[in-house]
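A.B. asks: Below are the chains, spelled out letter by letter.
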Amino acid sequence: MLLSINTSSGLPVYLQIEGQVKQAIAAGALTQGQALLPVRRMAAELRVNPNTVAKAYQNLERDGVVRTVPGGGTYVADSSPGLLKSEKLRRLRPLAHQLAVESLQLRLPTGDVVKLVEGELGGLGEKR
Amino acid sequence: MSDLAIHTQSLAKFFGKTRAVDGLDLRVPRGSVYGFLGRNGAGKTTTVKTLLGLLRPTAGSAQVLGYDIRRDLIAILGRTGFVPENKTLFDSLTPAQLVRFNRGYFPNWSDELAARYAELFEIPMHVRFGKLSLGNKTKVCHLLALCQGAELLVLDEPSVGLDPVITDLLLRVLVEDHVSEGRTVFLSSHQLAEVERIADWVGIIENGKILLETRLEDIRQNYRLIRAAAETAPSVSSPHLVAAKRLENFWSYLVARDAEDFAAMLRAKGMTILEILPVSLGEVFLGLTRKEVPCISGKPGTIPAPA
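Those sequence lines, one after another, are chains A and B. Last residue of the first sequence: 128 in the numbering used here, with the numbers rising by one and none dropped. Last residue of the second sequence: 1307 in the numbering used here, with the numbers rising by one and none dropped.
If you're looking for bench data, these hints aren't it; they were derived computationally from the structure. Just so it is clear, CB atoms sit at the ideal spot from N, CA and C, and this is done for glycine as well. Treat the hints with care, as some may be off.
SDA-like cross-link-like pairs, simulated, lysine to any residue; straight-line CA separation at most 25 Å [what the hints assert, rightly or not]:
no., chain 1, residue 1, chain 2, residue 2
1, B, K1269, A, R107
2, A, K55, A, A29
3, A, K55, B, E1217
4, A, K55, B, G1031
5, A, K55, B, R1220
Across the chosen pairs, the derived CB separations fall in these ranges [what the hints assert, rightly or not]:
no., chain 1, residue 1, chain 2, residue 2, range
6, A, A96, B, S1180, 36 to 42 Å
7, A, P38, B, E1122, 24 to 30 Å
8, A, P38, B, N1040, 52 to 58 Å
9, B, F1101, A, Q32, 53 to 59 Å
10, B, R1071, A, S86, 55 to 61 Å
For reference, chain A alone in the conformation it holds in the complex (with noise of 0.2 Å):
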């Protein structure tokens, strides 16, 4: 798959890498079991460290959406990751916590902020 990496944005470029991955996934264009390119050639490709792209795979896989077979490469894993729902929410806490503290920077309603949320929970949802 192409990605593409911005390095003025200051956005860390392994989470660029991410980011991408998911929303590929998301968006269907990565099904499940295809494979990623190999750490070397993905960072060749995108002329980046390779240990940016090895920490890339890393945290895609500590979050379930891949899954690395010893020396085979890594591939797209079986859609819902197994978690415990403490730990699902655990993970989305920081960015929970940025949007409330965003909210209250701009004086939003709760109200508006869910609505925001379930907003884009739906546009996501009609494409699963």
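Since the structure of chain A is provided, determine the placement of chain B on it from the hints.
C.D. replies: Below, chain B without anything else, positioned relative to chain A:
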């Protein structure tokens, strides 16, 4: 074997009264891509030349690939590929002749790579070096350094004169044939976007001293730009404050870590926090080295309240 490819201890090089390198402590891990950054005249090239025996250090010590630069220079040079800042070689020889001249010095030389890079970089191999454009001279220097099978590549301004296509190819070759093989690349450059792509460590030098040496990831995870507004800016102080800038009622603070705590302190002093942003390497570089910032360059610290 040392796990550092380059290690200096209070390295110094003076030219008369000019302290070009002034107590430099570098730690370049093996296998890393290390971006060595600094403004013009900061001491980058002097450092590189001192490490490779082209200049004798005034004081301090340094080891390259575990070898002492004063005692074991031959061992260092045989294992290090070097692209110098001024891309000069014998003007009367053609690149093909330069290849023949160089290959004898390096037991791990690869003719196969030489042929591949000559084609890839579109190098005119049978035109005298002196007649080549700066870009083509730069490419020849790279070809010679890349084919040695070197454990360490020292590249001083590697992309000078190269067009964007060749720069992009060079980055690919570096990642594919060197970084992926676990070799160390020490890269002195002003091209921060390139460094940000392929480096995993950065060192920023100013006035011959290291201002900052860290993993690039540390900058990405911990460094933040806080934009805030207030009628009158309060006096703030934090060991993590790197730089601050003001335009009318708007302030921006660059902090090295604990951005949330710093923002909370600003808020407690009556400032409105507009946003907390991740920063690029370029912003950190400017924050540390730009002279107009009101806190002491490179010394995180206190900013007095404006009069």
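A.B. asks: Indicate, hint by hint, whether the structure satisfies it.
C.D. replies: Cross-check of the supplied hints:
1. B:K1269 to A:R107: holds (20 Å)
2. A:K55 to A:A29: Roughly 22 Å between the alpha carbons, so the hint for A:K55 and A:A29 holds.
3. A:K55 to B:E1217: holds (11 Å)
4. A:K55 to B:G1031: Roughly 16 Å separates the two Cα atoms, so the pair holds.
5. A:K55 to B:R1220: holds (14 Å)
6. A:A96 to B:S1180: 36 to 42 Å: For B:S1180 against A:A96, whose Cβ atoms are near 38 Å apart, the range 36 to 42 Å holds.
7. A:P38 to B:E1122: 24 to 30 Å: holds (28 Å)
8. A:P38 to B:N1040: 52 to 58 Å: violated (40 Å)
9. B:F1101 to A:Q32: 53 to 59 Å: holds (56 Å)
10. B:R1071 to A:S86: 55 to 61 Å: holds (59 Å)
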